[in-house]
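Chain by chain, the residues run as shown.
There are 4 protein chains.
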Amino acid sequence: MAVDPSKLTHNRRLRLGMVGGGPGAFIGAVHRIAARLDDRYELVAAALSSDAQRSLAAAEELRIPRAYPGFNEMASAESLRPDGIDVVSIVTPNHLHHAPAKAFLEAGIHVICDKPLTTTVAEAEELVALVRKSGKVFALTHNYTGYPMIRQARAMVANGELGKIRLVQAEYLQDWLTERLEESGHKQADWRTDPARSGAGGCIGDIGTHAYNLASFVTNLELDQLLAQLSTFVPGRRLDDDVQILLKWKGGAKGMLWASQVAVGNENGLTLRVYGTKGGLEWAQEHPNQLWFTPYGKPRQLLTRGGAGAIAAAGRVTRVPSGHPEGYLEGFATIYAEAARAIRTAQAGQKPDPAVIFPTVEDGLAGIKFIDAAVKSSAANGAWVQLT
Amino acid sequence: MAVDPSKLTHNRRLRLGMVGGGPGAFIGAVHRIAARLDDRYELVAAALSSDAQRSLAAAEELRIPRAYPGFNEMASAESLRPDGIDVVSIVTPNHLHHAPAKAFLEAGIHVICDKPLTTTVAEAEELVALVRKSGKVFALTHNYTGYPMIRQARAMVANGELGKIRLVQAEYLQDWLTERLEESGHKQADWRTDPARSGAGGCIGDIGTHAYNLASFVTNLELDQLLAQLSTFVPGRRLDDDVQILLKWKGGAKGMLWASQVAVGNENGLTLRVYGTKGGLEWAQEHPNQLWFTPYGKPRQLLTRGGAGAIAAAGRVTRVPSGHPEGYLEGFATIYAEAARAIRTAQAGQKPDPAVIFPTVEDGLAGIKFIDAAVKSSAANGAWVQLT
Amino acid sequence: MAVDPSKLTHNRRLRLGMVGGGPGAFIGAVHRIAARLDDRYELVAAALSSDAQRSLAAAEELRIPRAYPGFNEMASAESLRPDGIDVVSIVTPNHLHHAPAKAFLEAGIHVICDKPLTTTVAEAEELVALVRKSGKVFALTHNYTGYPMIRQARAMVANGELGKIRLVQAEYLQDWLTERLEESGHKQADWRTDPARSGAGGCIGDIGTHAYNLASFVTNLELDQLLAQLSTFVPGRRLDDDVQILLKWKGGAKGMLWASQVAVGNENGLTLRVYGTKGGLEWAQEHPNQLWFTPYGKPRQLLTRGGAGAIAAAGRVTRVPSGHPEGYLEGFATIYAEAARAIRTAQAGQKPDPAVIFPTVEDGLAGIKFIDAAVKSSAANGAWVQLT
Amino acid sequence: MAVDPSKLTHNRRLRLGMVGGGPGAFIGAVHRIAARLDDRYELVAAALSSDAQRSLAAAEELRIPRAYPGFNEMASAESLRPDGIDVVSIVTPNHLHHAPAKAFLEAGIHVICDKPLTTTVAEAEELVALVRKSGKVFALTHNYTGYPMIRQARAMVANGELGKIRLVQAEYLQDWLTERLEESGHKQADWRTDPARSGAGGCIGDIGTHAYNLASFVTNLELDQLLAQLSTFVPGRRLDDDVQILLKWKGGAKGMLWASQVAVGNENGLTLRVYGTKGGLEWAQEHPNQLWFTPYGKPRQLLTRGGAGAIAAAGRVTRVPSGHPEGYLEGFATIYAEAARAIRTAQAGQKPDPAVIFPTVEDGLAGIKFIDAAVKSSAANGAWVQLT
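Chains as they are written, first to last, in the numbering used here: chain A, 1 to 388; chain H, 1 to 388; chain D, 1 to 388; chain B, 1 to 388.
Do not rely on the hints blindly, as some may be mistaken.
It does not matter which identical chain is used: a pair holds within one copy or between any two.
Quick list of in silico lysine-lysine cross-link-like pairs, DSSO-like style, CA-CA up to 30 Å [what the hints assert, rightly or not]:
#1 164 / 133
#2 248 / 133
#3 278 / 298
#4 298 / 187
#5 164 / 187
#6 187 / 278
#7 254 / 187
#8 376 / 102
#9 298 / 102
#10 133 / 278
#11 254 / 369
#12 133 / 298
#13 351 / 278
#14 351 / 133
Since the hints were made in silico from the structure, they are not lab data.
Given the structure is predicted, the values throughout are model-derived calculations rather than measurements.
Whenever a hint applies, use it, and build me the whole structure from the sequences.
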């Protein structure tokens with residue numbers, strides 16, 4: 001009466017490996033849930049920690065069958081196995097994205113990588129070249145692009161419902177670094193405020209890039225110039241904790257981007273507002289199932305995920321009916337689901353499906369250039385810096 | 001280098017079976033995601049459809065190794081296997097909860113069952129007796145009790161932060177049955193408006209019980225009497241689509257419960273408001289990560305999941321930091337996680353952990369009595385009906 | 001160069017008198033601002049207090065030229081003056097509405113009266129008869145009907161934009177009587193909880209009638225039956241402080257009305273929700289410039305006062321552009337402005353203009369019958385009481 | 001029985017004159033309501049239009065006893081009358097503020113003037129000097145400073161409840177100039193987009209100054225430098241319709257100011273957010289009775305006008321209880337009420353009361369310098385410009 005498991009090969013889950021994300025690492029756990037949620041992956045291999053002993057212990061605790069002391073061993077071994085991993089997730093701190101990404105791409109393994117892509121433009125450009133050469137899928141987990149109403153916003157802009165875009169305003173406000181948390185042994189605060197591990201940007205790299213990526217994703221506009229004022233409000237902190245940027249987009253749109261980790265009362269206040277000649281859109285991450293849309297001269301409409309105004313671009317990444325909120329993990333899982341679809345297509349030797357959308361290595365490079373330009377502009381007391 | 005899987009028995013996933021929930025069944029897919037999200041279960045057996053052929057095909061598509069043509073076969077076979085399922089999920093329409101629940105309990109298998117428990121009080125009472133006799137865990141998926149801020153509300157009431165409770169107001173508003181959807185072949189609308197499959201209550205059973213369960217869960221009050229006005233607004237519909245109820249709770253609190261499936265503009269508007277001598281709480285399911293709390297004579301506070309005012313009762317069922325929204329699936333998954341903890345404890349022969357909370361078979365019986373009383377009261381043109 | 005004031009008689013302000021509303025009386029000051037706001041009245045006579053000395057002193061402080069020791073003297077004297085008052089405002093506690101209203105009507109003077117109309121049905125009926133006989137304008141200050149978006153809601157219902165009405169839900173929530181304020185010498189709490197001055201209803205008369213009036217005003221439905229549960233939660237209080245009512249409207253609509261003065265965290269939470277076969281409307285007094293409208297199967301729209309979706313019925317009582325909030329005083333002033341228009345029309349011997357809308361003495365009688373029926377129903381443990 | 005009006009001189013209303021504000025001028029009507037609302041003024045003289053005939057006709061329609069063909073005649077004549085005006089309101093277009101302000105100050109008459117103060121820095125400086133020399137009260141109607149919760153915010157900052165201020169973010173968003181309205185004979189759009197009547201700034205002068213004034217008013221910070229990007233999005237428009245500015249405040253705080261008249265979906269979206277080392281405040285003009293306050297590490301609080309957290313600074317400008325919304329006109333009226341208090345104090349030869357607060361001629365000069373600096377910065381492609 002039981003199904004023959006061998007029949008399931010046409011339908012098997014992708015075999016996933018993970019680098020980083022050991023116990024206590026918030027983002028590793030998030031990636032594992034995201035991979036599991038839609039049942040498209042099974043996590044079979046891992047190098048969870050840079051400490052070999054901890055790596056093995058963590059894998060056992062997480063019931064991951066194949067544990068490795070390091071990512072290089074894992075890339076080699078897995079690439080040789082007939083049942084080796086299809087794809088690896090890289091969830092290490094920022095400065096440790098480049099090396100494993102390079103190793104797995106060179107081993108012919110698809111990559112899902114946390115953002116920001118790298119800590120330098122040169123490393124990012126190297127990865128772009130490698131991805132192109134390898135033909136592998138490379139998905140960057142700018143997870144907020146996974147929200148259905150963000151997909152809807154992007155499609156509405158593309159469909160011309162806003163007319164020509166004039167204004168693109170992005171904010172990402174938090175308050176968890178209002179005091180000098182990094183001094184008190186707070187692991188998350190520690191590496192995020194350390195230039196050696198985060199790169200030249202603090203707030204700009206940690207959350208500013210999310211806001212920039214989201215603005216680009218929704219509008220499909222390319223940034224032309226920026227002018228930045230990076231601040232470090234907390235005495236003794238080594239990186240910026242607040243970022244204020246003027247933006248000039250190609251084609252004439254303008255905008256501002258404000259990211260802060262010292263805006264008291266804000267938890268994860270990522271918002272995007274886009275205004276064009278014909279309409280306006282407003283979205284807030286903390287209420288992600290809603291999207292405000294105003295056609296010029298008409299009443300405001302509250303579009304909802306799965307609701308009356310939802311369009312196909314949102315529907316294809318929606319799991320439950322309207323009014324049943326989806327959240328952060330579902331958005332993250334959508335990046336995994338999209339990557340899985342792309343990997344299947346690649347494995348089948350087919351052309352990519354244009355409906356399948358996820359942030360790419362090129363988006364990652366754009367993010368690093370954005371950080372780099374912002375740091376330079378601020379160092380020049382707010383000079384305009386050309387992006388390309 | 002790989003972990004020996006045999007070492008993982010101390011830490012193995014629970015083996016899960018599923019009855020109902022074949023292709024097109026919304027709630028079956030939700031249960032599977034909920035089971036998967038926290039990695040505490042693996043779905044290894046199923047009788048997904050009452051049609052044997054469809055049952056097998058569906059299991060294959062879902063990569064479930066052991067498929068059965070019916071739940072009786074599944075209960076017998078699994079109870080005999082050394083690697084048989086630990087627990088079964090029952091996700092059939094309402095009138096098909098009782099028989100499989102009985103079968104699996106008698107086979108010594110723990111049960112997770114969708115709500116409402118049964119379609120009659122007698123059946124519900126039989127299940128209560130069976131659960132008690134069997135000693136098995138029985139979790140009812142009143143999923144809204146899984147939201148962290150609902151856990152917080154319950155703990156705050158228990159801690160006396162509201163003083164003596166005076167008012168308990170619950171609403172559950174939808175609009176998807178505003179027109180006669182059941183006539184157009186809409187599968188969800190069809191069985192929900194059919195007395196043979198839903199029982200004597202339509203809106204009252206489908207969503208009214210959720211609202212009642214939530215009110216009871218948060219306040220820990222027992223209902224004394226109710227007075228109901230059930231309406232069928234859509235011509236030709238066979239069950240109620242709107243329910244308005246006056247409540248008298250034991251101890252003197254009063255309240256109203258309004259559930260509707262014809263309130264145009266409402267998607268899944270479950271709300272709860274509780275007021276006592278010392279404070280008030282307000283919560284809305286569509287923004288589940290927030291809880292309004294007003295201590296009498298002080299400003300309103302917006303408590304958030306994971307935020308500054310969150311307490312342990314919320315924290316232990318929280319997955320991601322404040323400001324990163326959790327949603328419907330996470331709440332559902334919490335019921336599964338809690339059931340898993342309870343099953344582990346039962347399997348280890350230990351006493352239940354009072355911190356582990358999930359709706360029980362007794363809560364299910366209370367729900368059926370609530371439906372029964374509401375139907376009777378309404379039939380008597382709004383007479384007070386005693387609950388116990 | 002100056003204008004000859006005698007030329008202004010065609011355009012003179014109405015001469016207004018006031019009964020009640022001396023120092024410390026909140027509502028008296030509100031009426032005076034409301035009368036002044038649109039420059040259609042000048043306050044020239046008053047009997048502000050039942051204490052003759054205080055009455056005179058208060059008038060002087062308020063710069064009112066003609067002060068009287070009592071309303072009877074005022075009605076007589078003013079009716080004899082060539083420049084006597086056109087209209088009187090009655091702003092005394094509830095039990096003192098009837099006598100002055102009668103006196104001024106009999107003296108041929110138009111009346112603006114605070115709500116509720118009287119404390120008994122008999123008195124209310126007598127006033128209705130008197131108004132009809134006298135042909136005078138009688139405006140009852142159910143001020144919430146003055147909000148532009150309430151005018152809009154009423155017009156939208158009348159225009160059929162909601163289809164046939166099914167559900168009418170009204171709430172009016174406050175928390176200022178959560179504790180026994182009347183014991184501590186709080187003047188407002190004192191008379192509002194005293195049967196001798198408020199009548200048989202506490203919360204039901206003070207705010208329940210507002211909610212009922214608003215529901216009737218917007219839907220233009222007549223109440224058929226009600227079933228009420230009145231509660232007194234605060235020990236020692238002599239009148240109800242919480243009211244829960246089931247409603248059956250003529251024509252088949254149903255609804256609930258909840259008014260409370262012990263719902264901690266609520267300041268002046270008057271809300272109205274109306275659902276029909278084709279659409280839904282939702283309004284909240286604390287954000288009066290907004291009206292939610294959902295046409296069935298379409299996205300929610302946020303209509304705003306003066307905004308894109310505003311219609312003529314709202315526009316004619318709007319003073320400032322959209323986005324510039326109007327509030328409670330402006331709504332109140334609209335009742336005065338409408339009454340002024342009606343008085344002008346009456347003075348000119350013209351037919352009433354159907355666009356001019358204000359709560360009438362008949363609405364006042366309906367309110368008193370509503371209170372009376374609710375008190376009776378509750379006394380009979382929640383029996384249905386027929387309204388007419 | 002009547003009060004002797006001669007006794008009321010100790011308590012008389014201030015005699016008010018008005019320049020500008022004839023029929024069709026929105027802001028003139030607003031000033032008249034504001035003056036009337038608290039019964040501290042009577043409007044007795046006016047030069048409502050630059051056309052003498054229209055000026056006289058308008059005064060008659062408005063029942064203003066003394067009408068003048070021009071402001072110079074009015075200033076001379078009123079200064080000679082024993083019952084001449086105490087104070088004049090100047091509500092002409094921007095370029096016509098300076099001349100009448102000068103004339104009335106020189107005639108020894110107090111002035112209330114609409115914003116922006118003038119169209120050039122030189123004119124503004126001249127008025128500052130004149131006010132100082134004359135000793136007259138000069139109130140500028142930056143009306144948003146009249147909202148009670150703005151008064152509360154200012155007092156909370158001054159009391160140190162936010163700690164040291166780090167971030168001050170102001171926005172003022174509208175959409176009414178999204179299309180080229182000025183071409184279609186729209187009077188308000190016409191003069192606001194005409195450099196000859198508005199000065200060198202469009203959006204920056206019309207609403208940007210309001211946002212800047214509000215930020216300064218609440219924080220009591222002085223602006224050190226700004227860097228601006230002024231845009232004209234609508235083809236053919238002669239002045240800016242969008243303004244994006246980086247701010248450096250003295251003492252180290254930073255911020256952004258965004259004002260737009262082409263942000264589709266925004267009606268009058270003035271918002272202010274202030275963050276310090278110890279707390280954060282957020283306020284939005286369209287819901288002016290609320291103020292969000294977060295003490296660092298504690299839950300968000302929703303402070304309300306008249307509510308539990310309201311302090312004396314808000315209470316002294318509050319008219320009605322909490323939950324009864326006040327709006328735009330009440331805020332405007334508070335400027336008039338404060339000016340009346342200041343004028344009374346000046347007339348009595350007393351020292352100004354520090355509790356009486358209104359925007360002054362110095363605030364007006366600061367606003368003109370702000371406009372001037374923004375225009376210069378933008379012309380220099382976003383150079384930092386020093387304010388003082």
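Hint-by-hint comparison with the structure:
1. In this assembly of identical chains, residue 164 and residue 133 lie within 30 Å of each other by CA distance neither inside one copy nor across copies; the values are 36 Å within and 53 Å between.
2. For the identical chains of this complex, residue 248 and residue 133 are neighbours neither inside a copy (32 Å) nor across copies (47 Å), given an alpha-carbon limit of 30 Å.
3. With identical chains, the CA atoms of residue 278 and residue 298 are at most 30 Å apart both within one copy (10 Å) and between copies (20 Å).
4. Taking the closest pair of Cα atoms, residue 298 and residue 187 come within 30 Å of each other only across two copies (22 Å); inside a single copy the shortest separation is 49 Å, beyond that limit.
5. Proximity of residue 164 to residue 187 under the C-alpha cut-off of 30 Å is restricted to the inter-copy arrangement: shortest distance 27 Å between copies versus 44 Å within a copy.
6. For the homomeric pair residue 187 and residue 278, the shortest alpha-carbon distance between copies (23 Å) is at most 30 Å, but the shortest distance inside one copy (47 Å) is not.
7. For the homomeric pair residue 254 and residue 187, the shortest alpha-carbon distance between copies (29 Å) is at most 30 Å, but the shortest distance inside one copy (37 Å) is not.
8. Proximity of residue 376 and residue 102 under a CA criterion of 30 Å is satisfied intra-copy only: 27 Å inside one chain copy versus 49 Å between copies.
9. In this assembly of identical chains, the alpha carbons of residue 298 and residue 102 never lie at most 30 Å apart, being 51 Å within a copy and 44 Å across copies at closest.
10. In this assembly of identical chains, residue 133 and residue 278 lie within 30 Å of each other by CA distance neither inside one copy nor across copies; the values are 42 Å within and 52 Å between.
11. In the homo-oligomer, the alpha carbons of residue 254 and residue 369 lie at most 30 Å apart both inside one protomer (18 Å) and across protomers (25 Å), since each shortest distance falls under that limit.
12. Taking the shortest Cα distances, residue 133 and residue 298 never come within 30 Å of each other, neither inside one copy (50 Å) nor across copies (48 Å).
13. Proximity of residue 351 to residue 278 under the C-alpha cut-off of 30 Å is found in neither arrangement, the shortest distances being 35 Å within a copy and 46 Å between copies.
14. In the homo-oligomer, the alpha carbons of residue 351 and residue 133 lie at most 30 Å apart inside one protomer (16 Å), although the nearest pairing across protomers, at 59 Å, exceeds that limit.
Hint check: violations occur at hints 1, 2, 9, 10, 12, 13; the rest are consistent with the structure.
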